[in-house]
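**Student:** Use the sequences and the hints to build the structure in full.
Take 1 as the starting number for the sequence shown in full-length UniProt numbering and just add one per residue.
Heads up, a few of these hints could be off.
Stated by the list, open to error - Straight line, CA to CA, 27 Å or less: simulated DSSO-like cross-link-like pairs of lysine-lysine:
#	residue 1	residue 2
1	Lys48	Lys119
2	Lys1003	Lys762
3	Lys561	Lys637
4	Lys561	Lys474
Unchecked claim - Pairwise CB distance ranges (calculated):
#	residue 1	residue 2	range
5	Ser919	Lys656	28 to 36 Å
6	Thr209	Asp489	28 to 36 Å
7	Asp383	Lys612	42 to 50 Å
8	Val454	Val1111	53 to 61 Å
9	Glu889	Glu486	52 to 60 Å
10	Ala1113	Lys612	38 to 46 Å
11	Lys656	Asn580	35 to 43 Å
12	Asp489	Val454	35 to 43 Å
13	Ala154	Ala195	45 to 53 Å
14	Val1111	Leu297	54 to 62 Å
Don't read these hints as lab results, they were simulated from the structure. Remember, it's a predicted structure, so these values are computed and weren't measured experimentally. By construction, the Cβ of each residue, glycine as well, lies at the ideal position given by its N, Cα and C atoms.
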Amino acid sequence: MSSRNVENRDELSSTNTHNTMTVLTDHYYRLASELPDERIEAVISLFKDLNSLDSKDDWVYALNRLVKGLITSRQSARFGFSMALVEVIRELINRDSDEYKEFTIASFLELVLLTTQVKASMKGKEERSVLFGRLFGLQILINSHMLFDSVLVAKEGEDILFKFVSSLVELSTLKSWLRETAIFTLCQFITQLNASELSANLKELVLSTILQSTNDQGLNLSTEGIAIYLSIPKEQRSTLAAAIKNPKANWKNGDPFSKGNLPILSKALKDVEVIEDEEENQKGKNSKQKGSWSPRLPFVWISIIESFNNQEEDDDEEVEESSKKRKKSSSSKSKKKKQTSDSISLQEFWKVVVDETLFSEKSSHERKFWGFELFGKFLESIDNHEQVEHVFTTNFMRCLINQSSQANRFLHKVATKSLELMVRVSKDNFLKAPVILAKLLNENNGGCWNFDLVTKSRTVDSLVSILNDVDSDKVKSEEVELVLYEIKDILLSTFNNALEGQEDDDENETHKKANDNILKWSLDKLLLLIRNSKQLMIARKPNSKANKLTIKPKFIEDILKLLIKLLFFNHTGHKNVSTNVRKLCQERLNSILSDVISIKRKDSSWSYFCIKYILKIEESDEYSNLVDFEGELLDIKKSTVKKIKSIHEESKSGRKEELGCFELLFSMVLLQLYCGDDESLAVIDDLKFCYDDFVKTKKSNGSDEEQASSSVVLTEIIMSFLSRKSSLLKKLSLIIWESFLCVSDSKGLTRVDEESLKLLLKVLVEKENKEGQQKLFDSVNDSDVEENDEDGDSGEDDEEEEEEEEEEEEEEEEEEDDEEGDQDEADDDDVAALDKETNLKLAQALGIPTSGSGEVKFDELSSDDEEASDMDDEEMMAMDDQLAKIFKERHDALANISSGSKRKAEVVEAKEQMIFFKSKILDLLDIFSKIQPQSELNLYIVEPIVVLIHLTMDKNLQSKAHKYLKTRLSKCLIDKDAFNQKEASAQQLFIDSKLKMLKEIQKRAAAKKPNQAHTLACNQACIILSKNIINVKAEEVDTIIDVYSESLKSWAKSPGNKIQASMFFDFINWLNSKRTGISLNKALSISARTLRSALKPEFKAAAEKRGITEVKAIKIENGVQAEAKTLN
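**Tutor:** Encoded structure:
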């Protein structure tokens, strides 16, 4: 009869005999639910009903029903019935009344064994359910903790523990597929027994019984035997093992991890027969054989990992005790050392048991899969990061690289999983990252420098940039700094080993050397390290909560020193890098400086540090300089170095910010001169002029014209930096613009003046084509003088000029195709003429006759000429040089002839360069408006921005310009007090110019083809100008209204007027908000507050929270962020 039929029969009988059973029956069905939450609710409900009824019949029925339910074939039912049984037997056995005296641990154990008897008539599935039911019944006693209750054990007798152990060991021997699970339960029992309050003698007797049973069953040298021995305290293993009667083959000293057991341990964990016993051969090996291979690791490995972690902790405690107690005798110390050395270390264990067994070349895929699983377990569980290196052995690295390199490998997924695990473990404990990185790159250990390339992963890159995800609140600066320097040392070691491993070549050779790829890779990773850790070096104030880490930038200095020595010097008597690597060193030097230029050093700028180190190396006899300065260049270098040093010394006495900008500029430009930049010479002269003008202005309070001239020159320098393809110079220009030019001087005047802004604004209004590029970069800037001579009459022709420009653009587009066709024909003619000329030169060189038209006459060649053409070796070499010269001249001539595709590429490049240049100019203007929001110069920017929005065809640039107009310029308001200090004529001149600008923008809106971006820009620009004019002179409101009125009349009368009605609506709305003093946002806020006050009480409390506004401000000074403060 099946277990399900037994349950149904008991339910029917109980329903007929006891009326309350109908209430309880539903709980038993719910205990077998697939949902864990429903099972838990069923246990709670069942126990609550049993306690409320408190009937012995109900308790007996529940006990029998739950025990019989353990032999069900449904796994979820076993879980539910087991949870309920734990609570039921605990309640019944702990009752003191005589009515429940029959319920004991022994009676429950007897009930379980009786219910789970195996009968001969049972089929395999039924037998399996019964045996697992017995295992669950025994597990219930462990979960209830009654076996470890000293009162209950004393009450029922100590024999109950021995009976439980014998039942569990006997169960483990019945079926091979049940042995591991049963022994796991036994190990749980041992662990809880060791932690219980039972007497030490009783514990020792129980453990002796367990080891005796293990020995009798022949499980000593098996995975289960290892787990049992490891569950026993280390100090008791040897004594208990020695007390075994009729001992079979066992572990040395009763400890599997005692030295000398390593070969046997390797075989046992491999699940092979360690020692063949004649008695066992007679009985057969069915009792020791397990079922088929399973991808799940045996549970013994968890015990092994815990054992190694405990061993490490014991060693640390011993070292700590020995350091505290220096007065102990040497014998005790030697005893401790001997005790520690008697155990197998993780390095020895992993090499023999895992690497040489599971990862050997002859191992099956199944065993290698176990090896990868074990690697993951050990990597995650090892607490000491220094021990991690022991799991990266040679065979493992070989398997890891082979299996992860190709997707069709059998173990590709688990190998890839191991790579991902390395990164995840390193993020959880970043101290493990350098250890893992060193092993992956160590070629002697099976690793390789191009590990990511071979495995098609980003493991090394993730490990190098591991500090990018560091939580500053949870780590220490010392630990972060330690990891940072270890990673740097690993990469530098890889670089130095590759450099020393190169074959000796001629230093003047420029071809690629053998290890150039390794050297380039190392430099790339050093750059990656800096980029992902530079935020850790930003100095924070002590009371700041933003970042508690303060990492010293010395590791960046070490990398810069390496690059400087490789780039500018040859190490005498040592191997040096090739020209290819030296070129990459220059790129990486500029990249690193670009990344760290915003990070301030304590003493000087980064570029000054580089120049100072270069000068230091130049004085050394160990290095020869690759950069030779002669004549005028040497004089420029010496004078520039002298200037830099004087600026540096002067900055110590005061004006550190201003002089620091000049120090940064001079040293950076000189560094570029070292790198071979010819344009740096002209920049140095300009910088000297600006610095001398700056010093003279400071000392003599010079005129504004002198100050203006230097600001214009600096602006030109900044623009030249922006136009070049160098991120370093672009960042340098932004720093100088923000830190020097946009900052007010000692008089309170901004160093940027109108002339400087005109240089920037001129870029915005140029066309985004080749013509605009040539006009901007190649032509002489004569237009600046012409702009100063403009009078009021020139504005009348603006509209006509704009219309002419549009017509010209259309004509250019129409004629572009015709010009390209004509140019292609001209190019073909040029190529034909060049080929004809080349043929003539070749004929003359070879002595072939030609006609007057240049045609080569091969028919006139005679046999005598052929015989005479025989030449010796010297004549052949001379002829070879002459022919090479002819072909080189043809190649150079062809390069000067522009083809159609080349012209198209030039057009695209010119457009992209102009768009990029304009975008950087917008960045400069945004910085200026941010630092000087009350400057009058902001209004000069309005009209060029409107022109740019209409002119550009690049959507991103148009959006960027409109955002700047809307979010930055619209918030700028002229300082009224500073404006009133000006003379009346100057005030009126300023207002007239801005009114004229207002009219010009409205004329532009009327003349240009309407589009949404341009329309919005015109509307906002007019509001910005009107707002600022009225702010400084309220009487001009009438004039502004008249301007809008004239535009309104023109719009109403002229059908061709392209002004949008929104321009007038925006102006009226702005006037309304100014007249009432209530802006649109304020009106909405008042409406919302009124609505919230009218809500019902139950909704009002939640709604009022939405009306609470909290504003916090953070002060940023010198790149340092202070703590946020609430503004009241």
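**Student:** Determine for every hint whether it applies to the structure shown.
**Tutor:** Quick rundown of the hints versus the structure:
no.	hint	verdict
1	Lys48 / Lys119	36 Å, violated
2	Lys1003 / Lys762	20 Å, holds
3	Lys561 / Lys637	20 Å, holds
4	Lys561 / Lys474	32 Å, violated
5	Ser919 / Lys656: 28 to 36 Å	32 Å, holds
6	Thr209 / Asp489: 28 to 36 Å	56 Å, violated
7	Asp383 / Lys612: 42 to 50 Å	45 Å, holds
8	Val454 / Val1111: 53 to 61 Å	54 Å, holds
9	Glu889 / Glu486: 52 to 60 Å	58 Å, holds
10	Ala1113 / Lys612: 38 to 46 Å	39 Å, holds
11	Lys656 / Asn580: 35 to 43 Å	41 Å, holds
12	Asp489 / Val454: 35 to 43 Å	23 Å, violated
13	Ala154 / Ala195: 45 to 53 Å	18 Å, violated
14	Val1111 / Leu297: 54 to 62 Å	57 Å, holds
Comparing the model with each numbered hint stated earlier shows that hints 1, 4, 6, 12, 13 do not hold.
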